[in-house]
Amino acid sequence: MNTFPYDSWEAALEAADGTTGYFTWGPGGNTGSVVLAILGIAVSVVMAVMITARENKILNDAADQLADKYNSEG
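For the numbering used here, count along the sequence shown from 1 and bump the result up by 5.
What the hints contain is simulated information worked out from the structure, not anything from laboratory work.
The reader is advised that the hints may include incorrect statements.
[What the hints assert, rightly or not] Pairwise CB distance ranges, derived in the manner of DEER restraints:
hint, residue 1, residue 2, range
1, Ala20, Ile63, 52 to 60 Å
2, Ser38, Tyr11, 16 to 24 Å
3, Asn7, Asn35, 25 to 33 Å
Since the structure is predicted, the reported quantities are computational estimates derived from the model, not experimental observations.
Beta carbons are placed, not taken as given, at the ideal position from N, Cα and C, and that holds for glycine.
Construct the complete structure from the given sequences, taking the supplied hints into account.
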């Protein structure tokens, strides 16, 4: 199965003007790159906040358990 749309690699290089991006699921253009980058940054920030909040809760619960354990024996 030959899916290369040009007759030669030279023809492909001549057709490339360097101003558009490349996506396999749509036309050229850099809009897709920008959207994917923004989505990636947003997901990363949300996950970092969620992980930090979860770890804070776990550590505070552990600290409370230890405080209860050692304060009740005193």
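Hint check against the structure, violated hint numbers in rising order: none
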